[in-house]
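**Student:** Spelled out from the first residue to the last, the chains are:
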Amino acid sequence: MRLFRTVERALLVITQAIALLGGAVLITLTLITVYSVVGRAVSRNFGDWPLLSWWGPLRGDFELIEMGTAIAIFAFLPYTQMVRGNVLVDFFTARASPRAKAGLAIPANLLFSALAILISWRMIIGTFEQLTSSFNQTTMLLRLPLWWGYMPATFFICLLALVCFFTVWRSSREAFGDGEPVSS
Amino acid sequence: MSGLEVGILFTFILFGLLALRIPIGVAMLTVGLAGYVALAGWSPALNYLKSAGYDKYSNYTFSIVPLFLLMGEFATNAGLSRLLFRSANSWLGHRRGGIAMATIGGSAGFGAIAGSSLATAATMAQVALPEMRRHGYSGALATGSIAAGGTLGILIPPSIVLVIYAILTEQNIAKLFAAAFIPGLMAALGYMIAIAIFVRRNPGDSSVRRRASYRERWRDLLQVWPVVAIFIVVIGGIYAGLFTPTEAAAVGAFSTGLLALLKGRLNWRIATRSLLNTAQTTGMIFLIVLGADLINIFLALSRMPQELAQAISNTNLAPLLVLVAILVIHLLLGMIMDSLSMILLTIPIFFPVVMSLDFGFTPDETAIWFGILTLVVVEVGLITPPVGLNVYIINSYARDVPMLETFRGVTPFLISDMIRIAILLAFPSITLAAVWWFF
Numbered sequence: 000m001r002l003f004r005t006v007e008r009a010l011l012v013i014t015q016a017i018a019l020l021g022g023a024v025l026i027t028l029t030l031i032t033v034y035s036v037v038g039r040a041v042s043r044n045f046g047d048w049p050l051l052s053w054w055g056p057l058r059g060d061f062e063l064i065e066m067g068t069a070i071a072i073f074a075f076l077p078y079t080q081m082v083r084g085n086v087l088v089d090f091f092t093a094r095a096s097p098r099a100k101a102g103l104a105i106p107a108n109l110l111f112s113a114l115a116i117l118i119s120w121r122m123i124i125g126t127f128e129q130l131t132s133s134f135n136q137t138t139m140l141l142r143l144p145l146w147w148g149y150m151p152a153t154f155f156i157c158l159l160a161l162v163c164f165f166t167v168w169r170s171s172r173e174a175f176g177d178g179e180p181v182s183s
Numbered sequence: 000m001s002g003l004e005v006g007i008l009f010t011f012i013l014f015g016l017l018a019l020r021i022p023i024g025v026a027m028l029t030v031g032l033a034g035y036v037a038l039a040g041w042s043p044a045l046n047y048l049k050s051a052g053y054d055k056y057s058n059y060t061f062s063i064v065p066l067f068l069l070m071g072e073f074a075t076n077a078g079l080s081r082l083l084f085r086s087a088n089s090w091l092g093h094r095r096g097g098i099a100m101a102t103i104g105g106s107a108g109f110g111a112i113a114g115s116s117l118a119t120a121a122t123m124a125q126v127a128l129p130e131m132r133r134h135g136y137s138g139a140l141a142t143g144s145i146a147a148g149g150t151l152g153i154l155i156p157p158s159i160v161l162v163i164y165a166i167l168t169e170q171n172i173a174k175l176f177a178a179a180f181i182p183g184l185m186a187a188l189g190y191m192i193a194i195a196i197f198v199r200r201n202p203g204d205s206s207v208r209r210r211a212s213y214r215e216r217w218r219d220l221l222q223v224w225p226v227v228a229i230f231i232v233v234i235g236g237i238y239a240g241l242f243t244p245t246e247a248a249a250v251g252a253f254s255t256g257l258l259a260l261l262k263g264r265l266n267w268r269i270a271t272r273s274l275l276n277t278a279q280t281t282g283m284i285f286l287i288v289l290g291a292d293l294i295n296i297f298l299a300l301s302r303m304p305q306e307l308a309q310a311i312s313n314t315n316l317a318p319l320l321v322l323v324a325i326l327v328i329h330l331l332l333g334m335i336m337d338s339l340s341m342i343l344l345t346i347p348i349f350f351p352v353v354m355s356l357d358f359g360f361t362p363d364e365t366a367i368w369f370g371i372l373t374l375v376v377v378e379v380g381l382i383t384p385p386v387g388l389n390v391y392i393i394n395s396y397a398r399d400v401p402m403l404e405t406f407r408g409v410t411p412f413l414i415s416d417m418i419r420i421a422i423l424l425a426f427p428s429i430t431l432a433a434v435w436w437f438f
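Line order of the protein sequences matches chains A and B. Just so it is clear: in the first sequence, position 60 is 59 by numbering that gives the first Met the number 0, and no numbers are missing. Just so it is clear: in the second sequence, position 98 is 97 by numbering that gives the first Met the number 0, and no numbers are missing.
For reference, chain A alone in the conformation it holds in the complex (with noise of 0.2 Å):
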């Protein structure tokens, strides 16, 4: 019981930490576009003012967002988890009990984990033939490693099936246990 809610709020913790984390990288976004497309503006209409002919679009930035993107759905990824925010069909078992749904639930997070794990390892597979590649990878015009990209992704899947786990112990708690079932 009281490992179970100490694991809990410690992942709790963490996966919001980290959706926060990819939620700062998707507001830098947004500031870099706004910075290059108010610079393409002006470069367009003001680039022989002596101020301001410094400003134009930022170089390569839709390799930052393309990037920035893809390392902030992955750091989501646990805290949806975590919060029980992946949708499903309740249609066939809506009048099911709490208990039960929290029993199917079981076999659900399991294949879920199952998945995770399967991607988990790929990923790290993946990160690793782009760190150790002969011929460099990166992106076009910023030259930006990709392993810059895969290696934080990487890390959230692992935190993915790490949640997906415990969300396994959660619904056995719920369905048998002690824990009291949550609607989702």
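Do not rely on the hints blindly, as some may be mistaken.
What the hints assert, rightly or not - No more than 25 Å apart at the CA atoms, straight line, and that leaves these computed lysine to any residue pairs for SDA-like:
1) B:Lys55 with A:Ile31
2) B:Lys55 with A:Leu51
3) B:Lys55 with A:Leu19
4) B:Lys55 with A:Ser132
5) B:Lys55 with A:Leu110
6) B:Lys55 with A:Arg43
7) B:Lys55 with A:Arg58
8) B:Lys174 with B:Asp399
9) B:Lys55 with A:Thr138
10) B:Lys262 with A:Ile31
No lab work stands behind these hints: they were computed from the structure.
Keeping the supplied structure of chain A fixed, place chain B upon it in accordance with the hints.
**Tutor:** Positioned in the frame of chain A, the structure of chain B alone reads:
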């Protein structure tokens, strides 16, 4: 087994998993991966997984989705829904059923700066529900009009569902947004007419509010200028060629965020909440996106979509009949699934079928017309019994109104939806006019 048989078998397995409460994204990942392995073996599938997620998510266009979600969160916190509703209310509120009409008007306005239905319904419920209940509107009319108004969130551009459709079918997002505009306005108008007829037939369901003076009306209308400004910058900027849809989404998120900040409505706690809400919805959508990606590979390997298209064109059915059948399937699926999962699941199968039919348009026009029709049809699913996600959202705000009452209140809007779908089917030029006009 032919591709068609494999496809049908896996569709059944998928629905079996869904019936057992496997989350939609997980079920799609499982079936897609299993199909991939069954048809191509383990090694290409394992190889694909090394980069599948990263390649899929590091997509310039996909970044629109979290940015629009963030924009909707900021717009909610900036109190824009309240301004929109108050303004619509001072113009319409004194009519019979007028506050419900104002709810529709406010939702339409909010839909113009938010891309999701649930966000629109949730925020309008908070401002419009107390007002309607205070003026003695029945639970059916009050909750029904908020649920229906919520669907305007995805009908009126920007729309997350349209962004996903555009990515899946490689269509131009700007053109789709333009095409959605007139059908979206038709929806708002149709809903108001539905309210007018409903209150005439059930006078006990509403009451009359005092008439606002023209001074109050103009004052309230002027207060919605930030909404108008953001809409013009975001959507106008795309059409003026000032920026790409991704940049528009970023500019929109930035300006609504700034607005919320300037209004003093964005403290640390609210900003955290907004980001976490965005994170949760984005995570939910993109798990399904990854699942849909694997399903697509499996479908491509099985050649099921091509064979289905071939089989259907061999039957020599009238193209319109096939299209109607596809829309009916969407309508039925909409009763049990949310709109995004449905689009991600069905478009890869049905899009090739529709494109192989001859409606007398260019392929681009057919794709746009079909996209808007699909959008309208899946949106209906948000308010149809027994699942209707919007109805559930409203229900959590109006605990005293039984679900059955809400569904009674939704009925006039459903009738209005059906009439609109028929009109859009019969006159494709309504949808395509804006595309011809702008491009």
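**Student:** Between the alpha carbons of Lys55 of chain B and Leu110 of chain A, is the straight-line distance 25 Å or under?
**Tutor:** With Cα atoms ~22 Å apart, Lys55 of chain B and Leu110 of chain A stay inside 25 Å; holds.
**Student:** Sort out whether Leu19 of chain A lies within 25 Å of Lys55 of chain B, counting only the CA atoms.
**Tutor:** Holds, because 22 Å separates the two Cα atoms, which is no more than 25 Å.
**Student:** Quick one, are Lys55 of chain B and Ser132 of chain A close enough, alpha carbons at most 25 Å?
**Tutor:** holds (21 Å)
**Student:** Can the restraint linking Lys55 of chain B and Arg43 of chain A be considered satisfied, given a maximum Cα separation of 25 Å?
**Tutor:** At roughly 33 Å apart (the allowed maximum being 25 Å), Arg43 of chain A and Lys55 of chain B break the hint.
**Student:** Are the Cα positions of Lys174 of chain B and Asp399 of chain B separated by 25 Å at most?
**Tutor:** The given pair, whose Cα atoms are some 43 Å apart, is violated under the 25 Å limit.
**Student:** Straight-line Cα separation of Lys55 of chain B and Thr138 of chain A no greater than 25 Å?
**Tutor:** Since the Cα atoms of Lys55 of chain B and Thr138 of chain A sit roughly 15 Å apart, the hinted pair holds (cutoff 25 Å).
**Student:** Hinted pair, alpha-carbon criterion (25 Å max): Lys262 of chain B, Ile31 of chain A. Please report holds or violated.
**Tutor:** Answer holds: Lys262 of chain B to Ile31 of chain A is near 23 Å, not above 25 Å.
**Student:** Would the hint linking Lys55 of chain B and Ile31 of chain A be met if the CA-CA limit is 25 Å?
**Tutor:** holds (22 Å)
**Student:** For the pair we were handed, Lys55 of chain B and Leu51 of chain A, check the Cα-Cα distance against 25 Å.
**Tutor:** violated (38 Å)
**Student:** Going straight from one Cα to the other, do Lys55 of chain B and Arg58 of chain A come out at no more than 25 Å?
**Tutor:** holds (23 Å)
The structure shown violates the earlier hints numbered 2, 6, 8.
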